[in-house]
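So the sequence lines, in the order shown, correspond to chains A, B and C.
With the first letter of the first sequence counted as 1, position 166 gets the number 166 in my numbering; the numbers rise by one all the way through.
With the first letter of the second sequence counted as 1, position 233 gets the number 233 in my numbering; the numbers rise by one all the way through.
With the first letter of the third sequence counted as 1, position 216 gets the number 216 in my numbering; the numbers rise by one all the way through.
Calculated from the structure, these hints are not laboratory results.
If you're wondering where the values come from, they're calculated on a predicted model, not measured in any experiment.
Treat the hints with caution; some may be incorrect.
Any copy will do: because identical chains look the same in the list, a pair fits if it lies in one copy or spans two.
What the hints assert, rightly or not - For lysine to aspartate or glutamate, the following EDC-like pairs were computed, each having C-alpha atoms within a straight-line distance of at most 16 angstroms:
1) Lys-227 / Asp-167
2) Lys-50 / Glu-36
3) Lys-50 / Asp-68
4) Lys-196 / Glu-213
5) Lys-196 / Asp-286
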Amino acid sequence: MPQSLAQLCGTLESYGMAPTLDGDGARTIDGVATLEDAGEREITFLSNPKYERQLDTTRAGAVVLGPDVAPPRHMDLIRVSDPYAAITALIVALHGYRRHAAPARDAAPQIDPSARIGENASLCAGATVAANVVIGRNAVLYPGCYVGPRCRIGDDALLYPNVVVYDDTILGNRVTIHAGSVIGEDGLGYAPINGKWVKIPQIGHVEIGDDVEIGAGCAIDRATLGKTVISSGTKFSNLIAIGHGTHVGEHCLFVAQAGLAGSVRVGQHVTMAGQAGVVGHVSIGDHATIGAKAGVTNNVPAGATYLGQPAAPINDTKRRLAALARLPEMRKRVKTLEARVAELEARLAAAQSTP
Amino acid sequence: MPQSLAQLCGTLESYGMAPTLDGDGARTIDGVATLEDAGEREITFLSNPKYERQLDTTRAGAVVLGPDVAPPRHMDLIRVSDPYAAITALIVALHGYRRHAAPARDAAPQIDPSARIGENASLCAGATVAANVVIGRNAVLYPGCYVGPRCRIGDDALLYPNVVVYDDTILGNRVTIHAGSVIGEDGLGYAPINGKWVKIPQIGHVEIGDDVEIGAGCAIDRATLGKTVISSGTKFSNLIAIGHGTHVGEHCLFVAQAGLAGSVRVGQHVTMAGQAGVVGHVSIGDHATIGAKAGVTNNVPAGATYLGQPAAPINDTKRRLAALARLPEMRKRVKTLEARVAELEARLAAAQSTP
Amino acid sequence: MPQSLAQLCGTLESYGMAPTLDGDGARTIDGVATLEDAGEREITFLSNPKYERQLDTTRAGAVVLGPDVAPPRHMDLIRVSDPYAAITALIVALHGYRRHAAPARDAAPQIDPSARIGENASLCAGATVAANVVIGRNAVLYPGCYVGPRCRIGDDALLYPNVVVYDDTILGNRVTIHAGSVIGEDGLGYAPINGKWVKIPQIGHVEIGDDVEIGAGCAIDRATLGKTVISSGTKFSNLIAIGHGTHVGEHCLFVAQAGLAGSVRVGQHVTMAGQAGVVGHVSIGDHATIGAKAGVTNNVPAGATYLGQPAAPINDTKRRLAALARLPEMRKRVKTLEARVAELEARLAAAQSTP
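Isolated chain A, as found in the complex (with noise of 0.2 angstroms):
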């Protein structure tokens, strides 16, 4: 629904970010776009310092922008401390959450019947509920999910297509799960007994707190005793695999392609770069950072940033990598050196020996 800039610096005012509005207050936009795609009636941002050059070729109706950003040739502007979230709350003010059909009435989901469905929850044709499971308010299911028996999921919960939650699983209130993840499937529990690896039975489950969010293709395996654990707040990325009986905090940000093993223990706040990897038994302290590809191998303390493979503190891995860029020139001097010193060696060998 179209805004008027100054009902949008209103929207800013009531999440407590005291915009400055420079500019027709009056104008009217209908969306929110990039730089380079944004048009006439359509509000860009700048955030990004890398982008500030596209400030003078966009054809933005308007332009949300931080304290110390040189003001664009004449163009409407809102001024904010911080950009990036005074544009999540406008393209939430100006184009919502995405909204979800209710499923066809004439095709049935599978359900059984000793299910409990709350209130006003949406199951799609081609979603399956097993037994004894409680569906909360409001909650969706995509076709081709399936929830496996004694599963709890909350109110306002959201399953796209094709997600798998496996017994026993809890999912807290306004819980997101793209298409495709599996929750709570058998992690690698084996004994190896005769030269045989023999299936522990995988008797814990998984449980997610409220206001988590997993990407799409992600494997959260079940416990073998006791539960897997991903705290409230916490949002996941794509392809991610967390092994069994681990624990993540609270509002992490985990990226594509991390991984985890079993039994880690992740604090709050905690992000996990891409294809950043965890090895079993270890801990990561809160507001830790790991970085992209990095390999974990011991505990990270509350707070560090750690890069490499194996992940050392960043300043430690860059002096590391610098060292390394420059080793073949070390080499060579090493090679100058050996001859300077033969040489140091002779000369000293012949003045000793001459009479």
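Model the placement of chains B and C on the given structure of chain A, informed by the hints.
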């Protein structure tokens, strides 16, 4: 359908390949098989010299060889300049591509009445087509596929079982997507507001060009704003993650488990080897090659081959790795030098203190 | 079903484990739990010495210990040589493996009339079985599974929801495949002809032996020609990619996100740790271990442990990494040496020019 060697040579000629036949043109060939497995009524080939010794033991009825390979003992053969391209043409001629059965007529897929379905499209039972979708002619949707609102699926598109295509995605003509891949899910788009991750509605979409093939279990984020693009002729293997707003050029080849963050720009004819990763907001030039497990953290120029973590030009990385391999030996040399220098210092001091 | 400690010792004896009971054989045990979670009617165990201190605080009714662990304060205990194997046997005895409900009788899966379904197989609503498939006795296909034309699925096979098995795949007896995995999709097989990627029909197939377990979200390519093989007794975790024509031997263990390119030969009892990768056309010998995140680029001999990128014998890699860690310090030593040698050169020159 069986064909004679002479007919097969005709097929290769129709591709402009100038084959020369050395042997019995009337020999009947039923199919293509490996050097190891081929029997008397099958044709095989040698492309990788590593397998040349198997020429002596193969039981194949005929073989396709490049110009420089010594002819094996008594066997019908076809010479071409590129055996790999030639055997591709012969597999197409003798075996063809997979045929897709028409769906059972007694079981209905879920098709929203507002969707427009092209002539001769096959929508299997268990597929779901949402509102305002357009499906092209001869398109095939296997069971468990979900196509979200307002998607446009091109002619001759082929979606294997359990493919999920989120709302507003555009697939070109002759696009193939293998089982379980997800196109257009929300990316990792959150703004940190008051210590929590607030979801940014992901209002962009994904656009996939003509003749693209996507492997199994991939996840391609929609853009936050604007679009994520996979251009015509590009081929992906399995379990590949593409971040929001990334553009991949034409005729690229991505190997399994490669991952690109968001807002990456990839040129044409780029090869991304297995488990390679690319950070956000960088560019990779046309015809570049990114090695297996490489971690790209900066722009890569056109035509370059990058390797290592962080990725660097292949020769730099190889030099560093070679130097690293000799590092323990270099440590010994430095230690020896230190002893020799100490010895020289002592001798010189002694010599100079000697009257 | 609850059992007494004496009964549980009997179970261990039936496995040939020679347990010794120290405590009250009549104590009733309901289940197995971790040291942290176990209560009075549960038995726990200590296998990883890291958790030994929890012996002092556990509220478990009984504990399984290895021979060298000091007995905790007053608690019933069972001694065995291998506590991990023993607790596996006890979990089987007390909890058993997951039971699979028979599908609702009023909703039909899609089964082609030419398919042959074994006695007592459970095909859930929402599963699809294509033409000329053979399904073994007691096999279970959960909702959303798709089994393509001409596949053969063994007795007691278990396919969790949304597993996709492409045409001509062979699964042995007692194979388990977790949710969302894809078996037999086309690999990345294209020939570059006139600057475009021309698809090579992938006419091979996949063959999986008996007692194999595949995790969630894996992708196993069919062979271009011939077959891709996963041999009996091998166990995979999640999100693993296997390239076309690769053969994996018996009783291997592959951890999450490992990836093998095509035409690899892997021996028996090989361990592939998390996120490890292997290039095409190499061999890995029996009983080899490939470390986490290792990048194998050459053949690995039997029994070896390889680590690093590129992967090398573990001792070489460790030496290199240790040397790399001390590299900044070595740079200082070289710089010091250069100064000392320059000083020596100057002194010697001065000495020799002195009459």
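Hints versus structure:
When the C-alpha separation of Lys-227 and Asp-167 is checked against a cutoff of 16 angstroms, the pair qualifies only within one copy, where the shortest distance is 13 angstroms, while the shortest distance between copies is 35 angstroms. Proximity of Lys-50 to Glu-36 under the C-alpha cut-off of 16 angstroms is restricted to the intra-copy arrangement: shortest distance 13 angstroms within a copy versus 50 angstroms between copies. In the homo-oligomer, the alpha carbons of Lys-50 and Asp-68 lie at most 16 angstroms apart inside one protomer (14 angstroms), although the nearest pairing across protomers, at 52 angstroms, exceeds that limit. Proximity of Lys-196 to Glu-213 under the C-alpha cut-off of 16 angstroms is restricted to the inter-copy arrangement: shortest distance 13 angstroms between copies versus 38 angstroms within a copy.
Proximity of Lys-196 to Asp-286 under the C-alpha cut-off of 16 angstroms is restricted to the inter-copy arrangement: shortest distance 14 angstroms between copies versus 40 angstroms within a copy.
Taken one by one, the earlier hints all hold for this structure without exception.
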